[in-house]
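Asks: Read off the chains here:
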Amino acid sequence: MSLRIVVCVKYVPDATGDRKFADDLTVDRDDVDGLLSELDEYAVEQALQIAEEADEAEVTVLTVGPEDAKDALRKALSMGADKAVHVEDDDLHGTDVMGTSLVLAKAIEKVGYDVVIAGMASTDGTMGVLPAILAERLGVPQVTLLSEVKIEGGVVTGRRDGDAASEQLEASLPAVVSVTDQSGEARYPSFKGIMAAKKKPVESLDLSDLDIEAEEVGLEGAWTAVDSAAERPARTAGTIVKDEGEGGKQLAEYLASQKFI
Amino acid sequence: MAEILVYVDHVDGAVRKPTLELLTLARRIGDPVAVALGNGAADTAAVLGEHGAVKVLTADAPEFADYLVVPKVEALQAAYEAVSPAAVLVPSSAEGKEIAARLAVRIGSGIITDAVDLEAGDEGPVATQSAFAASFTTKSRVSRGTPVITVKPNSAPVEAAPAAGAVEALTVSFSEKATGTKVTSRTPRESTGRPELTEAAIVVSGGRGVNGAENFAIIEALADSLGAAVGASRAAVDAGWYPHSNQVGQTGKSVSPQLYIASGISGAIQHRAGMQTSKTIVAINKDAEAPIFDLVDYGVVGDLFDVVPQLTEEVKSRKG
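Respectively, the protein sequence lines represent chains A and B. In terms of this note's numbering, the first sequence is residues 1 to 261. In terms of this note's numbering, the second sequence is residues 1001 to 1320.
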């Protein structure tokens, strides 16, 4: 039977742009170009590699997001994913991680899966907890933060490099996997891939398709509330000296004046 | 006063500093009740008591080491049910965040991750977070259930606050879910003898300008003269010059030391995201136009191969 891989991806504001908050303290999506979160490219890459190794596999990319989030799906399709699912609904605006994970879990169950693969974190929210929450919601093993991953005979194995130790993990499918940026560089879409992606199916779902009530998601349905967001004051301009042979000593003098030595 | 559950990060009974910082924050909003799991759990009680833990709930079982994350979630959940706390605080390590997140789902609560400060508020604890590569500061709170909040290292001082620290055994029975992901082997990281990157008071980092793995000895020598941790930019890590466990930046560690010294690092957004909240920032870079100089309190435009060794010698001689 074909190995069903679902990759969760996020459409995020470009981290090199001037990111800010909208008036309702959600992430402003209008003034900065969006794109497929860089860290999710690693998830797409590992999904494609696993699919290439498998006898038969199908890679579905899934996102929850506004209309423009199709760009992220299109990128993943052009890298080589087979099909895409886009959950889009006006009531989703302002949804927090609990709501997003609920929507993803329902969509994953609807699509059908053997393994879910996600990136280590998004580049905008940067929480890094969604894969663990998905595993909890789906009731399947979490095999997360892997630098190496392999799926063989219905078993996922991988290496998790933690602060104190490097661990080898093993779990039976179905499972939720997340991969780090150490898992292997993501491929660039080829011209052929970009052309092929235009013909690949993108299924759109809304909340009613997933039997989710509007109150369970969105800003009002969030289980957390942001009360304020303030731009961090620019750091006051420091002293810059040019090294004329005494730069190290001058720096030591500064560190001594600040009581670091 | 309301009780606050504090999840203890420890290595065989030796409590790591971020947990003591959590006790400082927990005391602002209630009475800390610590939860220590795994080998050496009961040995944590003395130091936790000295820092304000009124109670220390402990449990040890092979499952904590043999299976990933979920056994710890189930133990923390058992503690939550036993104590009915006003909030649950967990150190913001990769594992800590996953434990906290799964607990939050189970108890129907919202979660805030990577708080850098915490204070009492009219509607529950208010968490301060950094957003968008630390260019914004937000204040948030959990609006449903019992707040579950993970806190980054260096977010609060460690304070002595003697309390009972009475040890109580926590009864945990594991569900089938707890043993879903087996840890088949574990290779401890070799100790460098240097402070933990995220906990260090001083961090010395090297980037592309270091130009080779062998040259990191210069960075390490400066770090050792200052008793600092060593960091590396993504460029240096991707080039294979330094381990990923030392990467500072968006996809590595986020640090907030008293002093951050960036050598041969241009200061791309990816790196700034991980160090921008440092108290004092110093940079050494050949390129006077490098964006890192926008952040610094003191910068030297020059060749790090001249400046860093000279600085190291000067630090050594001043320290005697």
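Just so you know, the hints here were simulated from the structure itself, not pulled from any lab data. Heads up, a few of these hints could be off.
[As the list claims (entries may be wrong)] Keeping only pairs whose Cα atoms sit at most 20 Å apart, straight-line, the calculated PhoX-like set for lysine-lysine is:
#1 A/Lys-83 <-> A/Lys-110
#2 B/Lys-1182 <-> A/Lys-242
#3 B/Lys-1182 <-> A/Lys-150
[As the list claims (entries may be wrong)] Covered by chain B, according to a simulated footprint, are these stretches of chain A (three or more residues, beta-carbon under 8 Å):
#4 189-198
#5 203-217
Being a predicted model, the structure only gives us computed values, none of them experimental. Note that CB positions come from ideal geometry on N, CA and C, so glycine has one too.
Asks: Measure nothing beyond the straight line between the CA atoms of B/Lys-1182 and A/Lys-242; if it is 20 Å or shorter, mark the hint as holding.
Replies: violated (55 Å)
Asks: Starting from B/Lys-1182, check that the Cα of A/Lys-150 is at most 20 Å away, please.
Replies: Status holds; Cα separation ~15 Å.
Asks: Taking 8 Å as the Cβ threshold, is the statement that the region 203-217 of chain A is covered by chain B upheld or broken by the three-residue rule?
Replies: This one is violated; 0 residues, fewer than the three required, reach chain B with a Cβ under 8 Å.
Asks: Please verify the coverage claim for the region 189-198 of chain A: does it have three or more residues whose C-beta sits within 8 Å of some C-beta in chain B?
Replies: This one is violated; 0 residues, fewer than the three required, reach chain B with a Cβ under 8 Å.
Asks: Does the alpha-carbon distance linking A/Lys-83 and A/Lys-110 stay inside the 20 Å limit?
Replies: holds (14 Å)
Checked against the numbered hints given earlier, this structure breaks hints 2, 4, 5; the rest are met.
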